[in-house]
Amino acid sequence: MRIGSSILLENETCIQSYNWSLRRPHGNLSNIISFLDSYEVDEIIITRPVRSDDNIFKFQKDINLIKHLKCNSPLCFGGGIRDMKTLKLLSNLPFERLNFSSGFINMEYKLIEKAIEIFGSQAIIAVLPITIKNENIYVYDSRKEKYIILTNKIFEFVQIYSDEILIIDTLNEGVPGNFNFSILDKLNSISKKIIISGGINKNIINKAKKDKRIACCLIDNRTLHKENYIKSELL
Amino acid sequence: MINILDLGYGNSASIYITLQELQISSQIVKKPKELESGTLIIPGVGSIGMFKKKVDDGNWNKNIRDYLNTGNQILGICLGFQALTSFSEESNGIRCINLLKKNILTKKLHKTSNQSNTGWDQINISKNYLEKNGWIPQISKSKKDRIAGRVFYNHQYGVSFNNKSSIQINNLPEFSAMITQHNVMGVQFHPEKSQSFGKNFFEFVL
Chain H
1 MRIGSSILLE NETCIQSYNW SLRRPHGNLS NIISFLDSYE VDEIIITRPV RSDDNIFKFQ
61 KDINLIKHLK CNSPLCFGGG IRDMKTLKLL SNLPFERLNF SSGFINMEYK LIEKAIEIFG
121 SQAIIAVLPI TIKNENIYVY DSRKEKYIIL TNKIFEFVQI YSDEILIIDT LNEGVPGNFN
181 FSILDKLNSI SKKIIISGGI NKNIINKAKK DKRIACCLID NRTLHKENYI KSELL
Chain X
1 MINILDLGYG NSASIYITLQ ELQISSQIVK KPKELESGTL IIPGVGSIGM FKKKVDDGNW
61 NKNIRDYLNT GNQILGICLG FQALTSFSEE SNGIRCINLL KKNILTKKLH KTSNQSNTGW
121 DQINISKNYL EKNGWIPQIS KSKKDRIAGR VFYNHQYGVS FNNKSSIQIN NLPEFSAMIT
181 QHNVMGVQFH PEKSQSFGKN FFEFVL
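Order-wise, the sequence lines are chains H and X.
Counting with our numbering, you get residues 1 to 235 for the letters of the first sequence.
Counting with our numbering, you get residues 1 to 206 for the letters of the second sequence.
Careful, some of the hints might be misleading.
Unchecked claim - Quick list of the computed label-pair ranges, beta carbon to beta carbon:
#1 Lys61(H) x Ser196(X): 25 to 33 Å
#2 Ser191(H) x Asp145(X): 51 to 59 Å
#3 Lys33(X) x Lys210(H): 54 to 62 Å
#4 Ser37(X) x Asn19(H): 40 to 48 Å
#5 Lys33(X) x Lys212(H): 50 to 58 Å
#6 Asn61(X) x Lys58(H): 34 to 42 Å
#7 Arg146(X) x Lys202(H): 47 to 55 Å
#8 Asn61(X) x Ser189(H): 42 to 50 Å
#9 Arg146(X) x Glu40(H): 27 to 35 Å
#10 Gln168(X) x Met1(H): 35 to 43 Å
#11 Ser191(H) x Arg146(X): 36 to 44 Å
#12 Asn61(X) x Ser21(H): 52 to 60 Å
#13 Arg146(X) x Lys210(H): 31 to 39 Å
#14 Lys30(X) x Lys114(H): 21 to 29 Å
Said to hold, decoys possible - Below are the DSSO-like pairs computed for lysine-lysine, each with C-alpha atoms no more than 27 Å apart in a straight line:
#15 Lys52(X) x Lys114(H)
#16 Lys111(X) x Lys212(H)
#17 Lys210(H) x Lys111(X)
#18 Lys107(X) x Lys164(X)
#19 Lys67(H) x Lys85(H)
#20 Lys107(X) x Lys114(H)
#21 Lys193(H) x Lys61(H)
#22 Lys108(X) x Lys114(H)
#23 Lys212(H) x Lys108(X)
Source of the hints: derived by calculation from the structure; they are not laboratory data.
We put the CB at the ideal spot given by N, CA and C, even for glycine.
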């Protein structure tokens with residue numbers, strides 16, 4: 001099982017996020033990547049936690065930062081890839097994989113199929129920010145800025161088109177040790193490899209190692225970047 | 001000179017940055033006329049269908065063959081490795097560049113599922129293996145007799161081959177992690193994303 005790190009990039013700055021709502025500045029992307037690269041983490045996933053107000057100009061600015069990254073670790077990027085225009089801006093950048101959230105939740109066949117055509121199906125990760133309410137599974141649709149029921153139809157689409165599925169426990173994001181494994185119990189028909197994020201710590205990793213469906217645990221920025229956080233502040 | 005093929009997508013920039021860090025003289029080439037003698041790296045992120053289209057559009061097929069036939073080397077990485085085989089099952093079946101001997105095929109890793117091989121695995125490469133298979137490093141920055149370490153894989157298709165010119169993927173022994181045949185080398189893993197070992201690899205084989 002891989003152990004990686006999740007980085008949130010908002011308006012050209014990395015941020016920490018707690019419980020899918022509270023956000024704090026975290027530091028400079030290239031510094032953070034440089035530290036994680038020197039730690040030799042198994043993989044790094046950079047996500048733009050964008051909502052309905054995202055636009056191509058903001059997207060381009062963040063992409064320009066990524067273009068200049070020096071990183072010898074596996075990199076995945078996503079957040080705001082919502083149409084062919086944004087997809088085309090991703091050529092020749094230093095990542096191997098892409099993650100899509102609202103593209104999957106809104107079942108955008110054309111967008112996902114085009115991404116597969118360009119990057120290959122091994123490169124596509126579906127991101128499902130999930131919470132459980134009244135025994136139902138809800139997934140956060142960032143374009144609509146609200147939770148919607150994770151229907152069988154969406155889940156089937158995700159399973160057909162993704163290579164791996166990143167499940168974020170939104171309620172426990174930034175709260176180490178609290179990842180809610182009952183999310184996985186409720187998604188027991190899952191046939192793809194899973195990446196889990198939100199509330200990951202050593203105990204969760206040890207538990208995850210016993211679950212063969214889990215390919216990777218992503219430690220959210222609070223834990224892995226503690227050392228880097230101090231450094232960034234000094235800079 | 002190390003030439004890194006840029007077909008307008010993929011991750012040639014990652015390889016270029018890594019080689020710069022290692023102070024290995026390299027350039028990104030977008031057109032065949034920009035090629036300089038030495039080694040051509042064919043990077044690999046994408047699908048074989050898109051790759052082949054870009055190769056055909058850029059008239060690279062003949063130029064890669066000519067480059068090889070005039071004493072230069074080719075290093076294919078991941079999809080760039082698969083492109084060196086004769087045929088790939090990906091993208092509904094694609095005829096590839098076919099630079100490796102023995103009619104080697106690229107096949108789906110798992111017949112009944114689309115599960116990829118994504119993650120880290122160990123590899124061990126000796127100087128003896130390179131020499132026996134006719135590969136002569138051009139820059140030769142490494143004085144080591146052997147390198148070993150972990151490498152990063154991300155693929156749903158693989159090069160199905162097993163003989164003395166091939167080192168197998170540990171958890172998928174039907175498939176090659178690396179093939180060396182004289183001045184053609186292919187690796188299924190991503191050295192540019194394999195951290196310290198990846199850098200050792202470039203210094204060892206280039």
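Hints that the structure is at odds with (numbers, increasing)
2, 4, 7, 9, 10 and 21
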